[in-house]
Structures are given as structure tokens and as C-alpha cells.
Amino acid sequence: MLVSAQDNVVVQGLTGRQGSFWAERMAECGTRIVAGASPGKGGREVGGVPVYDSVVDAAREHELDVSVLFVPPLAVRKAAGDAVAAGVRKIVLLTEHVPYQDIMHVLADARDHGARVLGPNTAGLVVPGVASVGIMPGFADNIFRPGSIGVISRSGSLGTLVALNLVSAGYGQSAFIGIGGDPILGTTTLDAVRELDEDERTEAVVLVGEIGGSMEEDAAEYIATMRKPVVAFIAGRSAPPDRRMGHAGAIVSAGKGSGTSKVDALTSAGATVVDLPSGIGDALLAAGVKPAA
Amino acid sequence: MKLLEHQGKQLLAQAGVPVPRGRVVTTPEAAQQAAAVLGCRVALKAQVPAGKRGKAGGIGFAGAPEDAAGAAARLLGSELAGSRVDAVLVEEAADIAQELYASVLNDPAGKGPLVLFCPAGGMDIEELSARDPESIRRLGVDIRTGLTADAARSLVTGLGLGEHVEEQVTSALLTMYRLYRTVEAELVEVNPLVVTGAGEVVALDSKISLDPGALGRHAELVADLVPERDDTGTELERRGRELGLQYLELDGEVGVLANGAGLTMTTLDAVTHYGGKPANFLEIGGDAYTKATPALRLVLDNPRVRSLVVNFCGAFARTDVMTEGVLAAIEELRPELPIFFSIHGTGEEKAIRLVRERLGVEPYDTMDDAVRAAVAAAAGEGKVAG
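Just so you know, the sequences run in chain order A and X.
For the first sequence, the numbering used here assigns the number 83 to the initial residue and increments by one for each residue that follows.
For the second sequence, the numbering used here assigns the number 2 to the initial residue and increments by one for each residue that follows.
If you are wondering where the hints come from, they were derived from the structure by calculation, not from laboratory data.
Cβ atoms here follow ideal geometry from the backbone N, Cα and C, with glycine treated the same way.
Errors might be hidden in some of the hints.
[What the hints assert, rightly or not] Listed below are several chain X residues computed to face chain A (Cβ distance under 7 angstroms; list not exhaustive):
#  : residue
1  : 109
2  : 145
3  : 149
4  : 183
5  : 188
6  : 260
7  : 264
8  : 271
9  : 350
10 : 365
11 : 369
[Claimed, not checked] Each computed EDC-like pair below joins lysine to aspartate or glutamate, with the alpha-carbon atoms no more than 20 angstroms apart:
#  : chain 1 : residue 1 : chain 2 : residue 2
12 : X       : 278       : A       : 223
13 : A       : 160       : X       : 185
14 : X       : 351       : A       : 223
15 : X       : 56        : X       : 30
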């Protein structure tokens, strides 16, 4: 899922502390925020943006393309359901600790309505120079600059480090897609890789994976068919097995989801796997991708 | 949240899946008594949250009540898969004609529930799946409509189980799915689901794990279960858990403080890449930065730690706020080891200024530089600023 300058964005939970803070940051990045939705707060304004009781109400007054949710875990199912019912086609779920079965309901409804979901537990989406939806520092020009590298990351902080390394090496990003740290995600690594492969502005893909799960392995088959270069970094390769490292998904059990299995799958698919994020620039150069002038 | 076998069996039994008669005991005397009441050959099973207990010596059998006391005495207080055995399940030993595998679990690929069934149970499903993936039948379920009886039956027919067994297994699968939904489990697994000599289907083991994000909606269930004391890990790891911090003690010398799981793992990778060994995993991003002082104390109390890397990348979490927390902790604890900072992202200018002003230390331009310096310092290569 990508975002354009023409996309109208509604912020669910705009009246909250995080919602209002990040709405302002997102607007600085060019994001067109047209409405907010907070139950019982309809009729207010936050920074000049009108607030409605629900996304359904907001959709009566505005064309809505994207919804970004700053709502607590147990409120996500209802709030995201509202966004789907209101016909919003792109939904960004930032919240961590959403019950898995709630997410399954949201994803099943979204699928039936042709809506796409990013997250949960994602840091969001950045198209430098165009828009930022979520909680990434899209406003910091030492981290995000318009360019041709599409970045996929589960983690916000590691994604920031990688974006920073790209800019330091002279590259800019066509897009940053934070897919989220949960085991059950609306947009998988494969979905995001495919999206960037089809994106005209993206010249190469940087895939930031993590141990645990099998999303990187699942994307490998598609990566093998790609003409665009793919450079990958897998975090946690030095981690001891059977120890959970923060993210619910980041556990290696019985060899499944190990760094080795991911590196092997990606290497066989023709991707360049680097040892550390600082090696990404050189790997891109070696793959024939030149830095922006 | 992983349930112990007997807790899972209690839920299965309440839901309507037959389980062997049995009782949980904490002393050899009680084991003997339980065996006498059951009046048959019994199995004694250590109640620890780990699989493969049989291979690890966590399961014993006894033909007579006196033998049950001895078997329980051997298990109780012993260490199994990192946990002390506090309880033993004494249950009637099953007369096994066939072992099956059944589970309901979250499926990341299908983004919904998945039901698995295999006529060859008993062994590790990963091994089985690697050896003979075709033998496992899979069924993705739309969570909104649920598992239908016809769909459940389609998983068990055509395998030569016989109508009587097929009916019982279908019913067990439907019940397991209902239980998965009611308690909001991540996994409800019965392995083995056995067919007895008399042709009855019984859940001989149970592995249930609940979604931690949903526990708040199941207060009664959780209170009923009396969460098991988690005494796994080292003393420092237990202290971390009590503080609500995810701290893992590793066997190296370079202490690591970073924000976010991905960045923390990457910092450990960098330490390893540059020839050092990390002393811990500990992330203090998000709200955990407010616990900077106890977090730093955990890192420093590890006697092996000889240098420290602080690696912050601010997105949602502001680096100036996290740095402020760490500086306050450093000023309070006054550690004698060298500390190496790398700070980038939201709030970095202020954060870097704070480190300069309060510690008189210059943060490194890159994570790699900070890590290299910390590895060199831990190896005792000269006196490094910090």
C-alpha cells in the first residue's frame, strides 16, 4: 500500500494526545488530512481539522482514501470496522497488542470490501516529499529524502536506522512501508515486495527482515522473478534460539524462522543479503543502483 | 500465555473433549493416594510449560500406588527444560491403539484460524511436517462464519479411521475450535489425540496458549487458572520480568541498551559482527524508557559486562526523552564502565547536546562506530573515551 499527495486522510483518534501530535507531523510531510474521528467528540476541530463521531459520519462530508488509527487495542476492531464500512480503501493500524482474533475479523471484512490494511503494530508509511501516514520521522531530511529505493521494515526504530543509512550513502527513498511487528498482518512482506516491484518510482528494494515467522521465506519465490535489485538485512541472526526478542513474532523455534533459513532463501532468490544496515549502500552500488546526484 | 497440560485439559474437558481421569499433585504421598483412587496403571507427568517432556524424562509410569510415590518423588523438585517441577499430573495410563494429531491455531499466511489434522500423531509436528507434509490436512477458516461440521468432517474422512472414530474426532475438532474462539487462544493443540483399544477418542496431552493481548477480556478464566509462577531464566532475567522489562542475559561482555526489538537485535548483531559478544538483550523504547534506572542497573549487575552501547533511533519514541532517562540513570548509578552512544532520529539534536553537556562524551556518528568502540573497550584495548 502506498500513499499519494491526492489521498484524503482521516485520523481516527485525532483528539487524543498522540493523534493530534502526529497529525501535525504528518501534515508537515505534505499529508492531506481532511478529517478526524473520535466517538463523542464530533463537532470539534483539532488544528483546523473537523472531527466527527465516526468515520462513517466523516465519509458523508469528505472523500476518504486513507484512515490511520490512533486508538487503544480493544477499540481497534470497531474503529477499523467503521473505516471499512465507510468505504475507506487504505487502513493503517499503528496499535500494538491488538487481540489476534480481532485482527482476523478486521482483515476478513477488509478483504470482502476491497480495502487494504497495513499493520497492526506498524510505524506506518512514508513517501518522502509526498506524504507520511503513521509515526515515522518523515519530516527529518537526514532520514527521508525523495529517491528511488523502496524500503520494507517490520520495525520502526530499525527502519529509521536503515532509512538514515540510505540517506548517508547518498540514496533517497521512493517509499518506506512499515509492515508491522505482529504475527498476523494485513500487509505481508510478500505483499509489500510486490507493491514496490510494480511501483514505477522504485528502482530497487531494501528488505529489512527479522528472525521468526516465515514472511521472508514466503517472499523469496516472488523475489526470484524480479528484475529490480533486492538488498536484504535480517535482524537477529546472532540471537540465541528459543528466546523471544521483543516482537511477538521474533522467536526461532525448532529451526523455523531462523536467520540462516531466511538468508538462504533470499540469497537463492538472487537478493544480496548484508550483515549490517551500514552495508546496504555498497550492496546497492554493486547491484548497479546509483545514488541520487 | 502458555497453559500447563493439566490447565489445558481442564478447559478441554469443560468444553467437552474427553481426557483421561487424573489429578494434579505436589507431593509423593498425594501421588500415591491419587494412584490408589484411580486404581489402575498410571502415568505421572511433570507440569512444566515445555514440549517433548517424554524425551526429557518428564513422564513416568507406575503399576502400583507405592511406585507412583517413587516416580513423583523423582519428578518433583527436579529441573526440566529450564523450569522447576512443582506439580505432577497423575492420570490413568491410556490403552493406545492409535495416535492422532489435531490443532487449531493462528495462521499468519491465511490471516485467520487454521485447523490441522493428521492421522499420525505423537511426534513433533515440525518433524512430521518436514518428513511428510502431505500427511497433514489443513483447513483455513473464515473467523466470521466459523468451522462447520461438514468442514471438520472433511478433515478426518477417507483415512480409514472408521465411522465411530471419525464422528468422535469431528466432534473433538469442533469443540477445540469453539474453545480456541471462546478463550481467544493462539493455539489449541492435542498431540496425541488417541484412539483407545475400545475405540474411544481421548486427549492425552494438551498445549494451549492464550493471546496475551486478549487476556483482559477473560479475567475470570485467568483468575481461575492461577497463573503459574514463572521461574525460568537467570536471576537477572526474573528481576527484569518483575520490572516489566524484557531482559535476556547473554554470555558476552558488551552491554546493550536500545529502543525497539528490531534495533536491539541489530545492535546485538553488530556487536557480534565486530568480534564482540553481547551481554544482554534489553529494549527500553516505548514507555519502558521511564524505567531507565532499573534497566541500567540490570545491565550493570551482570558481572561480565565491561562496556555499554546505547543505541537510539527515534521514530515514535523520542530520542531526547529516552536519553534524558538514561542520563538520569547514569548520574544516579555512576557506572565505572565506558559508555558509547549512537543517537539518530526524532529529537536527535537535543539528545546529542544532552549527552555532551551532562557526560562530556561525544556520541558516535554511526551505530557501527559506537559498537566497534564498545567491543574494543570490552576487550581491554587501551583506554577509550567514555
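For each hint, the structure was consulted:
no., hint, result
1, 109, "holds (5 angstroms)"
2, 145, "holds (6 angstroms)"
3, 149, "violated (16 angstroms)"
4, 183, "violated (10 angstroms)"
5, 188, "violated (11 angstroms)"
6, 260, "holds (5 angstroms)"
7, 264, "holds (4 angstroms)"
8, 271, "holds (6 angstroms)"
9, 350, "violated (10 angstroms)"
10, 365, "violated (12 angstroms)"
11, 369, "holds (5 angstroms)"
12, X:278 / A:223, "violated (34 angstroms)"
13, A:160 / X:185, "holds (17 angstroms)"
14, X:351 / A:223, "holds (16 angstroms)"
15, X:56 / X:30, "violated (26 angstroms)"
In terms of the numbered hints stated before, the structure departs from hints 3, 4, 5, 9, 10, 12 and 15, listed from lowest to highest.
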